[in-house]
Structure formats: C-alpha cells, structure tokens
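Novice: Below, each chain spelled out in residue letters.
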Amino acid sequence: SQTIHQWPATLVQPVGSPLSLECTVEGTSNPNLYWYRQAAGRGLQLLFYSVGIGQISSEVPQNLSASRPQDRQFILSSKKLLLSDSGFYLCAGSRRTEQFFGPGTRLTVL
Amino acid sequence: SQQGEEDPQALSIQEGENATMNCSYKTSINNLQWYRQNSGRGLVHLILIRSNEREKHSGRLRVTLDTSKKSSSLLITASRAADTASYFCATDSYNFNKFYFGSGTKLNVKP
Numbered sequence: 001s002q003t004i005h006q007w008p009a010t011l012v013q014p015v016g017s018p019l020s021l022e023c024t025v026e027g028t029s030n031p032n033l034y035w036y037r038q039a040a041g042r043g044l045q046l047l048f049y050s051v052g053i054g055q056i057s058s059e060v061p062q063n064l065s066a067s068r069p070q071d072r073q074f075i076l077s078s079k080k081l082l083l084s085d086s087g088f089y090l091c092a093g094s095r096r097t098e099q100f101f102g103p104g105t106r107l108t109v110l
Numbered sequence: 001s002q003q004g005e006e007d008p009q010a011l012s013i014q015e016g017e018n019a020t021m022n023c024s025y026k027t028s029i030n031n032l033q034w035y036r037q038n039s040g041r042g043l044v045h046l047i048l049i050r051s052n053e054r055e056k057h058s059g060r061l062r063v064t065l066d067t068s069k070k071s072s073s074l075l076i077t078a079s080r081a082a083d084t085a086s087y088f089c090a091t092d093s094y095n096f097n098k099f100y101f102g103s104g105t106k107l108n109v110k111p
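Residue numbers (the numbering used here), protein chains in the order written: chain A, 1 to 110; chain B, 1 to 111.
Hints should not be assumed to be uniformly reliable.
Simulated restraints, written as ranges between beta carbons of each label pair [stated by the list, open to error]:
1. A:SER58 <-> B:ASP7: 21 to 31 Å
2. B:HIS45 <-> A:SER57: 14 to 24 Å
3. A:GLU26 <-> B:LYS26: 26 to 36 Å
4. A:GLY16 <-> B:ARG80: 21 to 31 Å
5. B:HIS45 <-> A:ALA40: 36 to 46 Å
6. A:SER58 <-> B:LEU75: 29 to 39 Å
7. B:SER68 <-> A:VAL12: 46 to 56 Å
8. B:ASN38 <-> A:GLU22: 16 to 26 Å
9. A:GLY16 <-> B:SER93: 33 to 43 Å
10. B:ARG41 <-> A:GLU26: 28 to 38 Å
I should point out that these hints are in silico values taken from the structure, not numbers from a laboratory.
All C-beta atoms, glycine included, are put in the ideal place defined by N, C-alpha and C.
Chain A extracted, bound-state conformation (with noise of 0.2 Å):
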C-alpha cells in the first residue's frame, strides 16, 4: 500500500527564517505529488502538484517554492517565512484516482 511520510509534525519558526518541508512516498513508483495548505477549520488549499521529477506546477503565487529532485520525493521550501505562511501543511500523492495523504506539519510562524 501507498504512504506518504512527513516531517517534522510540528514547526516553530521565526518570521523572516528559511522552510524546508520534506515529503517521501512508500509503495508505489511515478506517482503525482501535491502539497497542499489549510487553514485552521478550514478545507485544503493546493499549492504546487508534480507530475514527476522536476516538473512543478504552482497554482498561487506566494512565498513558497516546490522541489521534486527525485521520484518520491517532493520538498516544500521558503527562503523567508511571513506570519501568514502558519498552517497545516499536508503533502499527498496519488497514482490513479485516489489521493493518500500524509500525516501533516503544522507550522507556526512567530
């Protein structure tokens, strides 16, 4: 079966500091990636999909990069980090039809 491993859980960082978010797939090979973004009580937002390595789609320009430097693996980055980056980050993948998810990050920017 396919899953998605993600770290760290939880992240505090300082505004203005640099992010890196790392994601890696188990289970199966070429699979689409996507990190996505929510707001507390809220539903996901996408942020960057890849259909393989080095291809990355952006959906909303922001503060934030995408990085797939290898089959199963998709890396969430900032060079600097706004107040309005906070949230739960959660990386996903999907072969077929179906999405599976990691578990999250929550990132809190102080």
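Guided by the hints, dock chain B onto chain A, whose structure is given.
Specialist: Here is chain B on its own, set in the frame of chain A:
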C-alpha cells in the same frame, strides 16, 4: 474554480442517527470523492463516485451524485461517536489528476 463546497459547515447529532452532508461544485468532473479528516491529521479516502454513476454504497456510507445539479451527498447511517471528524468532498480535473477540496463539514456525533 471547480472547488466543491460542503454544507452544512457543522453538524451535531446523537449516536445512532443518520448524518447527511452535501457538496456542490462548479464545473464538469471526472469523479467526485469524499474524504474524512480526524482533528489534526491527514485525510483518508472514503469513497469515489464516477460522473456516470448516480449512487454508490460502502458499508454505512451512501453517496449520491447529480451531475445536472452539480451536487453530491454523503449519508452516514447509524452514526457512531468514532465518526466524529471533518468530511470533505473533492473534485478532479480532466488532466494531471488535480483535486479541488471544499471547506468541509465538521460532524460531531454525541454518545
């Protein structure tokens, strides 16, 4: 935007009652899916219904789809306290498997 929107935003029922959640979307879809999210966790896939299907069952879950109204409903029968969670519908695009999630229905099942 294709984004689905769930209604109601919150629902509180007694254990044993049925829970019905609705989802509306804006554009044509391939499939519509329902996911569950326990507080502070990732989402778990519940059920998928294709655009050419009208109804689907899985255990205590029943999903309907009305493409003419661009709406879907999720019925959980004989609810349990363990069903307490947020429920999201998601629609997909015809290319690259992009998914659009609604804002969710927060279900509270009281024991």
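Novice: Does each hint hold? Answer for all of them.
Specialist: Okay, the hints, checked on the actual structure:
1. A:SER58 <-> B:ASP7: 21 to 31 Å: Roughly 30 Å apart at Cβ, these two residues keep to the hinted range, so it holds.
2. B:HIS45 <-> A:SER57: 14 to 24 Å: Because 22 Å falls inside the window, the suggested range holds.
3. A:GLU26 <-> B:LYS26: 26 to 36 Å: holds (35 Å)
4. A:GLY16 <-> B:ARG80: 21 to 31 Å: violated (46 Å)
5. B:HIS45 <-> A:ALA40: 36 to 46 Å: Taking Cβ atoms as reference, HIS45 of chain B and ALA40 of chain A lie about 23 Å apart, which means the hint is violated.
6. A:SER58 <-> B:LEU75: 29 to 39 Å: holds (37 Å)
7. B:SER68 <-> A:VAL12: 46 to 56 Å: holds (48 Å)
8. B:ASN38 <-> A:GLU22: 16 to 26 Å: holds (23 Å)
9. A:GLY16 <-> B:SER93: 33 to 43 Å: holds (36 Å)
10. B:ARG41 <-> A:GLU26: 28 to 38 Å: Violated, at about 18 Å.
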